[in-house]
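Asks: Protein chains in written order, with our numbering: chain A, 1 to 125; chain B, 1001 to 1242.
These are computed hints drawn from the structure, not numbers from a lab.
Be aware that one or more of the hints could be misleading.
Which residues of chain B face chain A? A few of them, derived with a C-beta cut under 10 Å, are [stated by the list, open to error]: (1) Arg-1076; (2) Gly-1111; (3) Asn-1171; (4) Ala-1175.
Simulated crosslink set (BS3-like; lysine-lysine; CA at most 27 Å straight-line) [as the list claims (entries may be wrong)]: (5) A:Lys-108 to B:Lys-1166; (6) A:Lys-95 to B:Lys-1166; (7) A:Lys-108 to B:Lys-1117.
C-beta atoms are modelled at their ideal positions from N, C-alpha and C, and glycine is treated no differently.
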Amino acid sequence: MALPDPNDRPKFAHPSEAEFAQLLDYYGIGWQYEPTNFVIVEDAEGKPLELFSPDFYLTDFNLYIELTTARQKLIAYKRRKVRLLHEKHPEVNIKLLTRDDFVKLLDKYGLDSDEQSLVGKDALE
Amino acid sequence: MDLTVMSNPSSEKTRLNDGPGQPAGALPNPICEAWRDQLGEILLTSAQIDGRVSVLAEAISRDYAGQSLVLVGVLRGIFFFMADLLRAITIPASVDFVAISRYGPSERTHGAVRFTKDLDLTIEGRHVLFIEDIVDTGLTLAYILRNLRARNPASLSICTLLDRPKRRLVNFELAYIGFEIPDCWVVGYGLDYREDLRQLPFIAAFTPPGRRPPTSNGPLAPQVLVPTIHPRSIRITEQPGS
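Whole structure, please, built from the sequences with the hints as guidance.
Replies: See below:
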């Protein structure tokens, strides 16, 4: 398996995304970062009013993943985007990975000590 | 010689007390007492596990009758389930194991997952049933299946004791599923927390140190703790041709 080039990386918006990309690389899961802008709201003439770019696309599994580290009570806007994407593009597979889900991933891989830097106040928002 | 005791060496004292829904940390067992604050309720008793393993073994024996079957498991969490399942399967079957590196603090910089123990058997042209203790994200499974497929087995299917679909990132068809479990950490029957607690004869919920037990929907309700048979696993109880 060819190792990904660490210099050939997109500029991630959040350190949790960089960690997630590294996890996918480790297990050889092909991914693209924000490859698609989906129109999720448009006006009566079909002019786009709101776009949604899920963070990751897993190329081998035809699956988009939206990763959010916002507190559980603050992720309503993400859930709305996912719901609108489902309604507008029912053929698109997407999974919302919440902060709780991500913290469980950190626990699973023994990375709980990095929680603060990845999803805590130290992480860039 | 008491063969019943020899075939399942779990403590008689523990077996008598491991009722479903009971707090595992309250059991009169030194291991449970040591992890009292982290151990939650018993999700699956040893009797429930035994019963389900028998059902899975019966289905596998029927489905693979007359075929060259190889069971493959990934070390180390699989060893109890593999041993019990293999002993309950009534057709000829070989067994082999792989071990793989794991993403984590010391592995992040190594770049890629790798086998730390490869198969000893050749699986080309044979029917491979990959045995998992638990399927959650599917990331490990994705790597292993990709590797096994490259060896040209006659078929490749998956049997898992536990399915935790809430955490799934990548999906696979699971041919045989023992139990679907809620979204919580579990230990026992081979499953560990940092290499501890594998030897518990039952499967219990577990809260890692420093974490709070799941409270977003209230404490784990007893009804969630009752093991459920995944709908897809119903097909394994059907008779051939039905």
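Asks: Classify the hint on B:Ala-1175 as holds or violated, based on whether any CB of chain A lies nearer than 10 Å to its CB.
Replies: 19 Å, violated
Asks: For a C-alpha distance cap of 27 Å, please report whether A:Lys-108 and B:Lys-1117 respect it.
Replies: Holds, at roughly 21 Å.
Asks: Does the alpha-carbon distance linking A:Lys-95 and B:Lys-1166 stay inside the 27 Å limit?
Replies: Cα-Cα ~11 Å, so holds.
Asks: Min Cβ distance, B:Arg-1076 to chain A: is it shorter than 10 Å?
Replies: 15 Å, violated
Asks: Between the alpha carbons of A:Lys-108 and B:Lys-1166, is the straight-line distance 27 Å or under?
Replies: Judged against 27 Å, a Cα distance of about 14 Å means the pair holds.
Asks: Min Cβ distance, B:Asn-1171 to chain A: is it shorter than 10 Å?
Replies: 7 Å, holds
Asks: Was the hint right that B:Gly-1111 lines chain A, CB cutoff 10 Å?
Replies: 5 Å, holds
Figure legend: structure checked against the earlier numbered hints; hints not met, in rising order: 1, 4.
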